[in-house]
Amino acid sequence: MKIIEFKNVTFMYRGNSEPSLLNVNVEIERGEFILLTGPSGCGKSTFCRLLNGLIPHFYGGELKGEVTVLGMNVKNTPTYELARHVGMVFQDPENQLFLSSVEKEIAFGLENLGLPREEIKRRVNQVIKYLGLENIREKAPYELSGGQQQKVAIASVLAMQPEVLVLDEPTANLDPYSSLELLNIITRLNRELKITIILVEHRLEMLLDKVSRLMLMDKGKIVVDGPPQDVVLSPEMKIVGIPKVIEVYDRLKKAGYEFGHPPLSPEDLAKAVRRVIGFHD
Amino acid sequence: MVSMTEIVVEVKDLYYSYNSQPVLQGVNLKIRRGEIIAIMGENGAGKTTLIKHFNGLLKPKRGSVKVFGIDTRNASVAELSRKVGLVFQNPDHQLFAETVEKEVEFALRNFGFEEEVVKKRVEWALNLMGLAKYRNRSPFTLSVGERKRLAIASVLSYDPELIIFDEPTAGQDFLQKERIAELLNLLRTRGKTVIIVTHDVEFVATRFERVIVMSQGKIIGDGSFREILSNSEILEKARLLPPQIVKCAWLLSDIGVPRDTLYPEELVRKIEEVIRR
Chain P
-11 MKIIEFKNVT FMYRGNSEPS LLNVNVEIER GEFILLTGPS GCGKSTFCRL LNGLIPHFYG
49 GELKGEVTVL GMNVKNTPTY ELARHVGMVF QDPENQLFLS SVEKEIAFGL ENLGLPREEI
109 KRRVNQVIKY LGLENIREKA PYELSGGQQQ KVAIASVLAM QPEVLVLDEP TANLDPYSSL
169 ELLNIITRLN RELKITIILV EHRLEMLLDK VSRLMLMDKG KIVVDGPPQD VVLSPEMKIV
229 GIPKVIEVYD RLKKAGYEFG HPPLSPEDLA KAVRRVIGFH D
Chain L
4 MVSMTEIVVE VKDLYYSYNS QPVLQGVNLK IRRGEIIAIM GENGAGKTTL IKHFNGLLKP
64 KRGSVKVFGI DTRNASVAEL SRKVGLVFQN PDHQLFAETV EKEVEFALRN FGFEEEVVKK
124 RVEWALNLMG LAKYRNRSPF TLSVGERKRL AIASVLSYDP ELIIFDEPTA GQDFLQKERI
184 AELLNLLRTR GKTVIIVTHD VEFVATRFER VIVMSQGKII GDGSFREILS NSEILEKARL
244 LPPQIVKCAW LLSDIGVPRD TLYPEELVRK IEEVIRR
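Line order of the protein sequences matches chains P and L.
In terms of this note's numbering, the first sequence is residues -11 to 269.
In terms of this note's numbering, the second sequence is residues 4 to 280.
Calculated from the structure, these hints are not laboratory results.
A portion of the hints provided could be inaccurate.
As the list claims (entries may be wrong) - Computed list of chain P residues with no C-beta within reach of chain L, every gap over 12 Å:
1) M0
2) G3
3) M60
4) E69
5) Q84
6) Q114
7) K127
8) Q149
9) K182
10) R239
11) L240
12) A243
13) I265
Unchecked claim - What the simulated footprint calls covered on chain L by chain P, stretch by stretch (three residues with Cβ under 8 Å from a Cβ of chain P suffice, anywhere in the stretch; the number is not a length):
14) 142 to 150
15) 165 to 177
16) 199 to 206
17) 236 to 248
18) 266 to 275
Glycine residues also receive a C-beta, built at the ideal position from the N, C-alpha and C atoms.
This is chain P alone, in the form it adopts within the complex:
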């Protein structure tokens, strides 16, 4: 089932002389896990802002074409309505968290929806359990590490039970283990809860083996779009740099060794090498 559709979408911010999105056409199915990448200023954030109506409702500019999310045209749908269906998590959780405890933070959006007290309690407990936040539920967000803060930001969005989750570089300020932990949580949300995920990230190597689809943007256009193993060697990928294991695969291929699909992780490459030499473990 189609959950998001962009039809001939062009958007130019007020005061700019060039559009940030240029005739974008894309369809996203329910349950997809999309890695959206591209150089700074390519239009990724603009794309994301259209999904929850921040554009055109808060950012001024000229919007052409149609963006539809769950059958709602974002132009005619108030952002509070879209917020129930499309959750957003940003790079810097500090800007998103402002209450005195994790519990209150998670309950905040639900209170705004006007849900009954019992239902709020139930949902807060549910996400705290699901994300393993029991031991920090009473803490204030500023007492938490960056990784914990991002988990709380995800929790408060998750409590709204959105169908779509948009994350704009959520691990940019985290250390490697915390990043990996967060990406594993996001992967679980996709696999277990069937939430459609759109994740913006520069470091492909952390995500290629997790996502179902890779979208590369450049100068306001989507220039590469498909399952990672099919598109990762497209010439356009040079602008974002391909992960090192794929570089090794590519060099071996050019030297005449056939390994099948490009590897999406070191584990993939190691397996492929073992297959070729007939040494299985």
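Using the hints, position chain L against chain P.
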């Protein structure tokens, strides 16, 4: 040979705590002129606290820090700043001027450079960081990545001897990371001493002669990138992940790929050898 080179930073038995929370617990370190060093470790390991001692922002609670022979307890931040440039992780902690150009001019004027020199240095730094086209814009209209580059430009403009970058590649795209790598090469050829605090293992792999790893306020590893990034014990203790190539080498070590393989072309050669055998 190496021992003849001037020591620019000397840390002896350094302890530091915020309130009663110990952050540095006995750090010893010598850095020589011209070294290009990565300091790695998880968030909270003490990396940022350590480098804030190098320009006098923090003073030792115990032990000592000497920078260019000056004991930092006897020097002001202003004195040390002329020789030690620190680029913060969050650019908003250091940007404040009305325009991009004025931002870079500020430090230069502050250090008393002549107008002629100020102009030239501003041009040089803005061009180097790809910001010349934004010269009349307010820093706060720039993207995070651009603001980060502006913070770098302001520090480079006054040509400090020791330059410290806190997480320069965080949130930067591929092209900007390549630019930062080129910048490192430029600083290398100018004989500068450079310290980068980072947990970007892919960026550090093959680029830094010396990698220092911190965990819980102590240095737990100090060596070449090949030694450190292929040492699973140190990486695990510091909660760092190995670079992709090293990870792959570990997975193939039982069939003859050395565990300290680090460059893609090296791994290609080793895999070819294994297949042909």
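Do the hints match the structure? See the list:
{"no.": "1", "hint": "M0", "in the structure": "16 Å, holds"}
{"no.": "2", "hint": "G3", "in the structure": "10 Å, violated"}
{"no.": "3", "hint": "M60", "in the structure": "29 Å, holds"}
{"no.": "4", "hint": "E69", "in the structure": "29 Å, holds"}
{"no.": "5", "hint": "Q84", "in the structure": "15 Å, holds"}
{"no.": "6", "hint": "Q114", "in the structure": "29 Å, holds"}
{"no.": "7", "hint": "K127", "in the structure": "16 Å, holds"}
{"no.": "8", "hint": "Q149", "in the structure": "29 Å, holds"}
{"no.": "9", "hint": "K182", "in the structure": "29 Å, holds"}
{"no.": "10", "hint": "R239", "in the structure": "5 Å, violated"}
{"no.": "11", "hint": "L240", "in the structure": "6 Å, violated"}
{"no.": "12", "hint": "A243", "in the structure": "7 Å, violated"}
{"no.": "13", "hint": "I265", "in the structure": "6 Å, violated"}
{"no.": "14", "hint": "142 to 150", "in the structure": "holds (count 4)"}
{"no.": "15", "hint": "165 to 177", "in the structure": "holds (count 6)"}
{"no.": "16", "hint": "199 to 206", "in the structure": "holds (count 3)"}
{"no.": "17", "hint": "236 to 248", "in the structure": "holds (count 6)"}
{"no.": "18", "hint": "266 to 275", "in the structure": "holds (count 6)"}
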